[in-house]
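Participant: Each chain, written out:
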Amino acid sequence: MTKKENSPRLYVRAVVLGHKRGKSNVHEHTSLLQIENVQSKEDSKWYMGKRLVYIYKAKTLKNGSLYRSMWGRVTRPHGNTGVVRAKFKKNLPCTATGRRVRVFLYPSNI
Amino acid sequence: MAEATAPKSYSLDAVKKPLKRARVNRPSKLRTSITPGTVLIILAGRDKGKRVVFLKQLESGLLLVTGPFKVNRVPLRRVNQRYVIATSTKVDVSGSDVAKFDDSYFAGEQKKKEKKSEGEFFETEKKEKKVVSQARKDDQAAVDDKILAAVASEPLLKEYLSARFSLTSGDKPHRMQF
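Order-wise, the sequence lines are chains A and B. Under the numbering used here, residues 1 to 110 are what the first sequence spells out, in order. Under the numbering used here, residues 1001 to 1178 are what the second sequence spells out, in order.
Bound-form chain B, shown alone (with noise of 0.2 Å):
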């Protein structure tokens, strides 16, 4: 068994050295692959299968992409990387303004915890629908315009992000080239 060490002071109000190793979060690396104005497909969630287009990535790491939401109805939203195939096909996004979106602007609203009345407590919770506020459509309009012109110059281009991907027989992903 090893020895222990005796401590250096036996001092009561000895002050706990701060750790050297503090933890930095840094966003995840970014493929090769994707670059602003690639065009990704989305694996899992509810837009699985669908082409979408790079836009940036956040602080958190996450993919900021957009549909454009006119094409396959994919808002501006964020994606995780690995959860993502990306293709070879660019679109042009050098128009579109993206500086001001980051992590807090997807950030959902607190839901503030009421307490619930005898009454109340047996009721089933009222789903409130969800609404789209207007400052976000006005931001995916004005994001969007600029893609969608740079999708309408190339031929095909419309026809080839509104499509989902999907396997079918005999595929084999492992030799595929996106």
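Pulled out of the complex, with its shape left as it was, chain A reads as follows (with noise of 0.2 Å):
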């Protein structure tokens, strides 16, 4: 069996724009995701309440892993050209800016 057939990939990736902001105030509750190939509205209504995992490596050891996660969920599209709003239980640092978000494809509702 090949790599590919024992770690089957069904998130969609996703790139952390930022957190929702005007100008001057950022409100950090709230972060903007870009997920790939997804480019309208209609597009990213497909992927209202799917949870998401910000992955991240850390210096020590926890729970018998270097990498640590934090999750969240999409809430609602931001914009007209496929952008999205997603909260996470504790909210993103801005060190994930620009870095990978995995948009798993549950709670299904196909």
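Honestly, I wouldn't trust all of these hints.
What the hints assert, rightly or not - Covered stretches of chain A, as calculated for chain B (at least 3 residues, CB under 8 Å):
no. : segment
1   : 35–43
2   : 83–97
3   : 101–107
Hints were generated in silico from the structure; no laboratory data involved. Backbone N, C-alpha and C fix where the C-beta goes; we use that ideal spot for every residue, glycine too.
Build the complex: two chains, separate frames, hints provided.
Facilitator: Structure follows, in structure tokens:
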């Protein structure tokens, strides 16, 4: 069995664009995400409610792993071109900007 | 400030009236896309990406599915509806009898908390290897046999069920027809 068979990708890639904000006021409780291959508000509606995880590395071992995760959910579309708002259990740190977030296909509605 | 209304009786042994709104546990509504025999894609867990056959919805709302085991090593197991994508592929499961399976069948054995002695306290817990009982294997075979026959009759269905679903570059799940 190839490696692909053993560890299939069941998430969609997304990038953190930053926090919800105006010019000078930043609302850290909501992050903005750009999901790969999603370019319209209609398309982004499919992802509403889907769970997200931001994975990062740390220096110390925790629970047997150097990787740590922050979980969240896609909450609503942001604008007309597929960008999406998301809320995480704990606000995402600013170091997450420009980095990868995994958008899972669950909770599924198909 | 609203005036507090006086209670109807000051009796010492006033009986509490039971709340009329008693909470009733109902199984979650089954999606119309999921009918017995539908091939489902499991989205999370150790079997993520695997295509399994749906058998029935249990009382708790969870879905009873099977690989079949010989095809993709997924045994009779429960899966949450929200962690599953229903495909349009259907397998004929009318031959299998699944009436006897319910949530109590899958309830894990209650581990007895044994009091540890001084010496044992510092020992790390010995992990007992989980052995599948013969009864489970027999049940699996009984259900799977009819399904395997139905799978064999359809061209490429066996290969389809043994292949795992995966997203690749350029895939758009929001546009996919499952």
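Participant: Decide, hint by hint, whether the structure agrees.
Facilitator: Right, here's what the structure says about each hint:
1. 35–43: With 3 residues close enough to chain B, the hint holds.
2. 83–97: Since 0 is below three, the answer is violated.
3. 101–107: holds (count 4)
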